[in-house]
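Two chains, two frames, a set of hints: combine them into the complex.
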Amino acid sequence: MASSVTEPRPADSSPAAGTAGGPGETTPSGKRRKGISEKNRPLWLLIPGGLLMTIVILVPLAMGIWMSLIDLDQYTLRQWVSSEFIGIKNYIEAAVSSDLLRSIWLSVSFAVISTVVTVPLGVAAAVVTQNAYRGRAVVRSIFLIPYVLPSFVVASVWRTMLQPDGIVNVTLTNLGMGGGLWLNGPNSYWTLVWVEIWAAWPFIYLLALSGLQAVDHEVHEASALDGALWWNKLRYVIFPYLKGPVSLAFLLATLNHINNFTLPYVLFGAPAPADVNVLPILVYVTSFQSFRFGLSAAMAVVSLILIAIPLFIYLRAVKLDVHDGGTK
Amino acid sequence: MTIDAANPIERQKKQPIRRDAALEVTRLMPRPLLTILTVLLCAVVLVPIAYIFLASLNSDIGVASGEFWPSSFSLESYSKIWDSVGLAKAIGNSLIVAGATAVVSALMAIGTAYVLVRFSFWGRLTVLRGLLGLQSIPGTLMLLPVFVLFSSAGTYLGVTVIGTLWGLFIAYLTFALPFSTWVMVTYLRGLPRELEEAARIDGASNVGILFRIIIPLSWPGIIVSGIFAFLLGWNDVLFASVFTRPDTHTAAVALQVFASAAEGGAVPVYSQMMAASLVCAAPVVVLYFMFQKYLVGGLTAGSVK
Numbered sequence: 001m002a003s004s005v006t007e008p009r010p011a012d013s014s015p016a017a018g019t020a021g022g023p024g025e026t027t028p029s030g031k032r033r034k035g036i037s038e039k040n041r042p043l044w045l046l047i048p049g050g051l052l053m054t055i056v057i058l059v060p061l062a063m064g065i066w067m068s069l070i071d072l073d074q075y076t077l078r079q080w081v082s083s084e085f086i087g088i089k090n091y092i093e094a095a096v097s098s099d100l101l102r103s104i105w106l107s108v109s110f111a112v113i114s115t116v117v118t119v120p121l122g123v124a125a126a127v128v129t130q131n132a133y134r135g136r137a138v139v140r141s142i143f144l145i146p147y148v149l150p151s152f153v154v155a156s157v158w159r160t161m162l163q164p165d166g167i168v169n170v171t172l173t174n175l176g177m178g179g180g181l182w183l184n185g186p187n188s189y190w191t192l193v194w195v196e197i198w199a200a201w202p203f204i205y206l207l208a209l210s211g212l213q214a215v216d217h218e219v220h221e222a223s224a225l226d227g228a229l230w231w232n233k234l235r236y237v238i239f240p241y242l243k244g245p246v247s248l249a250f251l252l253a254t255l256n257h258i259n260n261f262t263l264p265y266v267l268f269g270a271p272a273p274a275d276v277n278v279l280p281i282l283v284y285v286t287s288f289q290s291f292r293f294g295l296s297a298a299m300a301v302v303s304l305i306l307i308a309i310p311l312f313i314y315l316r317a318v319k320l321d322v323h324d325g326g327t328k
Numbered sequence: 329m330t331i332d333a334a335n336p337i338e339r340q341k342k343q344p345i346r347r348d349a350a351l352e353v354t355r356l357m358p359r360p361l362l363t364i365l366t367v368l369l370c371a372v373v374l375v376p377i378a379y380i381f382l383a384s385l386n387s388d389i390g391v392a393s394g395e396f397w398p399s400s401f402s403l404e405s406y407s408k409i410w411d412s413v414g415l416a417k418a419i420g421n422s423l424i425v426a427g428a429t430a431v432v433s434a435l436m437a438i439g440t441a442y443v444l445v446r447f448s449f450w451g452r453l454t455v456l457r458g459l460l461g462l463q464s465i466p467g468t469l470m471l472l473p474v475f476v477l478f479s480s481a482g483t484y485l486g487v488t489v490i491g492t493l494w495g496l497f498i499a500y501l502t503f504a505l506p507f508s509t510w511v512m513v514t515y516l517r518g519l520p521r522e523l524e525e526a527a528r529i530d531g532a533s534n535v536g537i538l539f540r541i542i543i544p545l546s547w548p549g550i551i552v553s554g555i556f557a558f559l560l561g562w563n564d565v566l567f568a569s570v571f572t573r574p575d576t577h578t579a580a581v582a583l584q585v586f587a588s589a590a591e592g593g594a595v596p597v598y599s600q601m602m603a604a605s606l607v608c609a610a611p612v613v614v615l616y617f618m619f620q621k622y623l624v625g626g627l628t629a630g631s632v633k
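Order-wise, the sequence lines are chains L and A. Position 303 (the first sequence) corresponds to 303 in this note's numbering; numbering is contiguous. Position 189 (the second sequence) corresponds to 517 in this note's numbering; numbering is contiguous.
Okay, chain A solo, but in the shape it has when bound (with noise of 0.2 angstroms):
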């Protein structure tokens, strides 16, 4: 049930002939309560939604003394962010390592997931469970030996890891690769066995299939595991408040470094911070929407966060 992934195949539901009357026999609860509960559910997104984006039209001023409605509307916030914490840096960084990340465990991910899919072998069961729970692992009982593995070496082999981009990516595919196979287990699963029968009839090598039937066809699921990936990198908070240094920081970590200006006791900056969450936030709506209907059902797969 869950764990179908992206399937475009599986939403096309049956329409019933006569709308009216369908909807009447499939409604599940009074009409009045229907709205009362979709209204109370929309509020409770919105209000703070809203409030993002009229604080960071607002200014720092007025978003520290409480106002909803700004006094004032000005677009100031938005060019200030990128002065006070090199935001823009910030985002190339993440874009940077959030999208190796994803190009990398996507395309490790095919391979892995085509074996343990279409063939048996001693240990397959094994390997399906160890990859879905690794996502349920405790992130900070990964970063812990990571650290210590990066930190020496420096001592053992001269090489500095911490504070640079490689070792976020290296720590990121620690959570990226399983994620990203099991969602290619998942969507690979959904695919029709018969071209392949066809193609083996036919004379083709598992090679050869993979790479003319396999591919092809599940290029949706790739660009699903991918953006899992990029997610995940994009996301993190943990691994990048660990391993970065200034020049290397992430958007996570820039954002942060709003949060404690203020407690610096300097004039609070929360209407920047609001702006700055909202360019944060920007690309992951709109990969969202943009590859909904994939993702909607990718996000059932696993457990995502």
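Chain L extracted, bound-state conformation (with noise of 0.2 angstroms):
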């Protein structure tokens, strides 16, 4: 397998890749960038990963698009090339007559909810297992398995917990409490916020202890000398530290909320109840239930230019190379 994908590309080009660059041994320009080599650049090695991905993703995408503009339903699924091009009708039916507006704003509020309440909780766990201790290994593997876990394992455990007469109501009902109907009606929502964050805290934890290990043991020192109080030292400190890592952390959570499918899927089924009606679940049922698949691409769009204000955001500060300035 290995070699029968590899193999072919030495063969019929590197003598093309290596004279190119022969001569051309001159100094390039001043500002090329260290590391970075201008000169004899075999690239035709981007050509097989290059062509699989317009293959399996450009072209989809570009006819994602291209489905939103159409009247594509069961019918016409088949002979999609001669379906009938109708413009913005689609977008127009969504915003008008469809549950996109109110899954929008589920899918936000859900979304912001969840990663409002894990950041914190993230931090904390990652401020917690900060100082070595017998156990503490166990300790960051434990906070490890809701986010090893597969989603739809996760999914398919709470659902059962929080059945009728699962063990949630029970439990509820032994302390007093009373139950509830948590897989339907106005709770369901609440319940995909509780699941999600359960799922998705140990996602900012793991960033936060990166940025907590990137804190020089003299900081600690000398804070130490200075006598800080532990919350001083905490907020004035270490938060600094952990600025950049949770704020890219809470733009992909939230990214990652929106896009959940999974989790809503397995906890209610699809058609969710309406309260749980989230974005990817819109989408779901409207193409493979109504099967207006002209439609629901319309309202995938819209669900991309949704998240393409975050994605900008987070495109913008990543660090792409490293040469490009940023910080370890």
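Read the hints as simulated data drawn from the structure, not as lab findings. Mixed in with the good hints, there may be bad ones.
[Said to hold, decoys possible] Quick partial rundown of chain A residues pointing at chain L, CB under 10 angstroms, derived from the structure:
#: 1; residue: Val-353
#: 2; residue: Ala-383
#: 3; residue: Ser-393
#: 4; residue: Val-432
#: 5; residue: Leu-444
#: 6; residue: Leu-559
Even for Gly, the Cβ is constructed at its ideal location relative to N, Cα and C.
And the structure:
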């Protein structure tokens, strides 16, 4: 398998790459970035990956945008080439007579609430495992469990526990608080938030931990010498180190929450109750249960535009290049 | 910061000389508060985990009536799951598709990432941004056109794609390829250049450097990018729920069959569902804890999930 994929590449193109940079040994212009070569580039190595990505990513993406502009349902699906072009009618229908706006609101509020709760949890978890103690490795592994478990397993387990006669309601009744309906009705929204938080806080924890590890021992010593109280030390000495990683974690986590299909789908099934009809579920139901493919493609494009804002900020903030500046 | 993938060198922090004193200095909270927070967080994680184990050893009826501690322990659920939804076949399918995705995308990633990290060319930063951005694209946006293309393959080419493992494999590449490539990019960045430069002076070609130096040095990165591609495939429900038929169900979809069985008014099979959940989670958990050292760095390299 390994050789059959990689072998053909050098065989047919290496002579070309070898000769290309041969004579061009003169020093390139002065502003060449260190370590990144502009001569003798084996750009042909990009061809296999680039070609495959074009086929499996760029073509479907373009196709998805095209689909949102045509009248496509289960009858025209197999002959989509000859489907009628209807411009932005799908978008208008999505905005006017579908649940799209409500779903956007549900998705965004769900994502923001989940992120806002998981950030302090994750940072707290990173802070409490900062010091070495006997058993810390075990605690760190425990903290990773919700993240390691597949989403579909997490959702199946909570779905079982939150059944009307399930363990959660039995426990609540024994405690005298009375149970409730968790998988249907208005509570379902908070069920979704709760399970998402349970599954997602270790992601923040990991990023916060990487920020904490950047704090030098001298910094701890200096604040100990100054006799800083622990919360002042946290607030003024440690948290500034976490600002970068945690802001990135904030953006990424929000994006992940908005895009999360598995959790609502497995917890509530599709079609989902109205209170948890988040964007991915709405798009899924519109296409694979109502068979309005054009309409749902328009909804999917809208959800892409929705995440474009945090995504854009994230892409600006991330250090793309070793030498593009930015701190380690 | 977050972008440095599984780089083992990074992790070796200097050890303080006098441990106890050093511990006092780096402590960020008073000990009681620390203990309380740790215990609380562990409890929130461990109680549901304990429940899964206990419920999988319980009877279906026991779980349905809300028992935490089973009134009778048995391993019956673990033997029933193989017949009731064809879990063995489903796990086999998952292994094949996710494994193929892992191998192909990890191998494709090496060459692309090498050029992206070591050479400059027009559009390089756009490609890097694109690789990262693609990981946050809504899965549904990719699913729809892929579905339409697959179903029209039947009309225009006379090939059945939907319902086959091949189709699922191609669909998974849409996410696995950019992700694996990004993980490789972050790994290759951490490799020192000196070896390559020495080899270049000795007259090695780019291809020689790739095969003799880059690949042998970056096997941890290759493994990590492969494992992440595997996990993308193993954990997926969205694509698998659309592109599989009963005989090509993956583990994730097979697990949903238990849930729908309960909805159909039949006797709920919650205990079996918990046993099957554990079985489906086991390969992932084993992979993580086997490669934890490398994976944790890679986790923060991009947006997994």
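For each hint, the structure was consulted:
{"no.": "1", "hint": "Val-353", "verdict": "5 angstroms, holds"}
{"no.": "2", "hint": "Ala-383", "verdict": "7 angstroms, holds"}
{"no.": "3", "hint": "Ser-393", "verdict": "6 angstroms, holds"}
{"no.": "4", "hint": "Val-432", "verdict": "7 angstroms, holds"}
{"no.": "5", "hint": "Leu-444", "verdict": "8 angstroms, holds"}
{"no.": "6", "hint": "Leu-559", "verdict": "8 angstroms, holds"}
Checked against the numbered hints given earlier, the structure satisfies every one of them.
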